[in-house]
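Asks: Just so you know, the protein sequences line up as chains A and B, in that order.
For the first sequence, the numbering used here gives the first residue as 1, with consecutive numbering after it.
For the second sequence, the numbering used here gives the first residue as 1, with consecutive numbering after it.
It is possible that some hints are incorrect.
Stated by the list, open to error - Within a straight-line C-alpha distance of at most 16 Å, the following computed EDC-like cross-link-like pairs (lysine to aspartate or glutamate) qualify:
1) A:K153 <-> B:E280
2) B:K70 <-> A:E182
3) A:K142 <-> B:E156
4) A:K150 <-> B:E55
5) B:K2 <-> A:E181
6) A:K64 <-> B:E252
7) A:K64 <-> B:E58
8) B:K2 <-> A:D185
9) A:K190 <-> A:D38
10) B:K48 <-> A:E184
11) B:K3 <-> A:D78
12) A:K64 <-> B:E55
13) A:K142 <-> B:E58
14) B:K48 <-> A:E182
15) B:K2 <-> A:D50
16) A:K67 <-> B:D56
17) B:K2 <-> A:E184
18) B:K3 <-> A:D185
19) B:K3 <-> A:E182
20) B:K2 <-> A:E86
21) B:K48 <-> A:E83
22) A:K153 <-> B:D56
23) B:K48 <-> A:D185
24) B:K3 <-> A:E184
25) B:K70 <-> A:E83
26) B:K21 <-> B:D255
27) B:K70 <-> A:E75
28) A:K150 <-> B:D255
29) B:K37 <-> B:E252
Because the hints were derived from the structure by calculation, they are not lab data.
Computed from a predicted model, the values in this text were never measured in an experiment.
As a plain string of letters, each chain reads:
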Amino acid sequence: MDQYLDTFNDANSKVLDQYDALRAIWGDILQGFSYCMDEDVYIKHLDDIDHSQIAKIQTSLTYKFLKMGVPTRAERLDFILNESEEWTQDDEDEITSAEYFISDNTETYETMAIPEQKKALGKGLQEARDVIRKKKIERETKIGVVAETKAEKMANNYHIYFAFYKDSELKQRMWSREEFEELEDNELTKWIMKYNQETSCFKNKNLKKIAAMPFTINSASYCKDHGMFFFGKPITRFSTYQLGIFTKVMRNTFVLRETKNKSGSPEINNELKIKDLVDWYDMEYSVIIAANNSAK
Amino acid sequence: MKKWLCEFTVDKLVDVNKSKKEKGEDGKEITITRTLKKNQPVSFKLQKPTRRQFEDGELYYAIKLSEGIKAGLLTTAQVSKRYENDGGVYTDAEKSRLRELRNDIAELQGEYFKLEGDDEEIDQEKIRILSHINDARTEISDIENVHQYIYDQTAEVKARNKTILWWILSMAHQQNAKNKNQFLEMFGKGELDDRLDSYDRLEEMGDDFTQEALKKLAYYVSYWYVSKNVSAEDFKTVESLYEQSSDYKLIEDKDEEEKAEEKAEEKAEETENESKEQSEEKLVEEAN
Numbered sequence: 001m002d003q004y005l006d007t008f009n010d011a012n013s014k015v016l017d018q019y020d021a022l023r024a025i026w027g028d029i030l031q032g033f034s035y036c037m038d039e040d041v042y043i044k045h046l047d048d049i050d051h052s053q054i055a056k057i058q059t060s061l062t063y064k065f066l067k068m069g070v071p072t073r074a075e076r077l078d079f080i081l082n083e084s085e086e087w088t089q090d091d092e093d094e095i096t097s098a099e100y101f102i103s104d105n106t107e108t109y110e111t112m113a114i115p116e117q118k119k120a121l122g123k124g125l126q127e128a129r130d131v132i133r134k135k136k137i138e139r140e141t142k143i144g145v146v147a148e149t150k151a152e153k154m155a156n157n158y159h160i161y162f163a164f165y166k167d168s169e170l171k172q173r174m175w176s177r178e179e180f181e182e183l184e185d186n187e188l189t190k191w192i193m194k195y196n197q198e199t200s201c202f203k204n205k206n207l208k209k210i211a212a213m214p215f216t217i218n219s220a221s222y223c224k225d226h227g228m229f230f231f232g233k234p235i236t237r238f239s240t241y242q243l244g245i246f247t248k249v250m251r252n253t254f255v256l257r258e259t260k261n262k263s264g265s266p267e268i269n270n271e272l273k274i275k276d277l278v279d280w281y282d283m284e285y286s287v288i289i290a291a292n293n294s295a296k
Numbered sequence: 001m002k003k004w005l006c007e008f009t010v011d012k013l014v015d016v017n018k019s020k021k022e023k024g025e026d027g028k029e030i031t032i033t034r035t036l037k038k039n040q041p042v043s044f045k046l047q048k049p050t051r052r053q054f055e056d057g058e059l060y061y062a063i064k065l066s067e068g069i070k071a072g073l074l075t076t077a078q079v080s081k082r083y084e085n086d087g088g089v090y091t092d093a094e095k096s097r098l099r100e101l102r103n104d105i106a107e108l109q110g111e112y113f114k115l116e117g118d119d120e121e122i123d124q125e126k127i128r129i130l131s132h133i134n135d136a137r138t139e140i141s142d143i144e145n146v147h148q149y150i151y152d153q154t155a156e157v158k159a160r161n162k163t164i165l166w167w168i169l170s171m172a173h174q175q176n177a178k179n180k181n182q183f184l185e186m187f188g189k190g191e192l193d194d195r196l197d198s199y200d201r202l203e204e205m206g207d208d209f210t211q212e213a214l215k216k217l218a219y220y221v222s223y224w225y226v227s228k229n230v231s232a233e234d235f236k237t238v239e240s241l242y243e244q245s246s247d248y249k250l251i252e253d254k255d256e257e258e259k260a261e262e263k264a265e266e267k268a269e270e271t272e273n274e275s276k277e278q279s280e281e282k283l284v285e286e287a288n
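Chain A with its partners taken away, still in its complex shape (with noise of 0.2 Å):
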């Protein structure tokens, strides 16, 4: 799914020509899981729940490490910096100028219309996300392994054990724990990346879309704000992507109740592009806060 909406570029593309891919979407959050059709199961879209016992599993096995005897990130990293110092201030202040660079020039460069200014930026942007990445796996590489970092990798891997299903009821799992833990790197390695495949048409931009649709905005404004009319239970077993839309569209039902635009939100039709219809509804409600901001 997401491969194909990759394929539309938002600035050109009409809003009903992804209308179909946003609604199959949509219908996937609706009922709180993906069906892998090659493999015959179930992906559960986790939710605070499922979160909270995989961080349960990091935070026991960072403590099992640690009275193993295996160092904190802390004590290494102070002993490369001061100890062995391979690793100095002058290699921390490179990361950070590099991240400063991209946090202050990203919003300029999204805005800038002259081609040549842009591609110009867009290196520069590029080559500090490189020497960030770079400088990153070679701090990593000099850390070593540390008890945070490889309970948060091992941890990492339970979202496969609690996402994968053999029904739709989402009672039969995949493995059970023992069967999980005995499995090889090249077949969890094979789950990941179909987890991955599966669930990478949940980005926040194809949220933010499918938040401005007709049929999530019509929904929402019959369930009055109440989550627990719009997905039938309780806010707190909502799925990440479930919450994701839900925040999202009472916003945009909250643009449309407070809107002072005498025109209203954008039609849909033939010409209207997905990007006309995402930026109505971001701009909207930065005049609304503005607007009651000033008058407070």
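With the hints as your guide, set chain B onto chain A.
Replies: Positioned in the frame of chain A, the structure of chain B alone reads:
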């Protein structure tokens, strides 16, 4: 179900009973049994590590490295830095010789690439240059290798050696003497300390065969650990490299038949030599 990385054998001298039927003084048939020492290859296998074992191995290295540093061992980076501050590990004479050799190589390479044509004289010249380059490179690596020992006591090297031992204790399996198709954990299934005790006992009290098995295991596991992605083909190379360097040779007892065969062979060889000598003498006589 365990998966395996490789299999190798170590020869072991075992007692074999050889029976022979003979007629006794009273003409009755009697069976004489002799116990002979014979070679018997014993198989060992290295288990293909699971994902969990890889994780555990990484953690073990991190712990041992941290322990080493806390105990006061220097890291490789610290040792390098210390020597750099003192002007490096090489003596002045070594430095000057290394400079000389590196310049020679650069010059020889320049000369080599200037040579054009494919007549015999040019080919000879190319061979001469290449052989000089090789000699210079060998001398450079000889000088460099002398100083490798300074890194032997670093925290990383100590941690690496301990981790290799950890892998030996985790991966090594030996053929079950009672069921040849079965391979059992060589150091048991217990906790690390128990397996380490078992290793130490074998190392201290083991016979030649056990010593050889431990040595070969260490060789294989070290190679695998350092090289990472090792294929079945690579393990064949490891086997031949090990065989070249090993001095483990067993002398087995020979039974009557083998002795008789050996004697017959010796006699045949003697006869052949004698007839050769005779014909040579005859030829000399004829020539005279």
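Asks: Which earlier hints can't be squared with this structure?
Replies: Numbers 1, 2, 6, 11, 15, 20, 21 and 28, in rising order.
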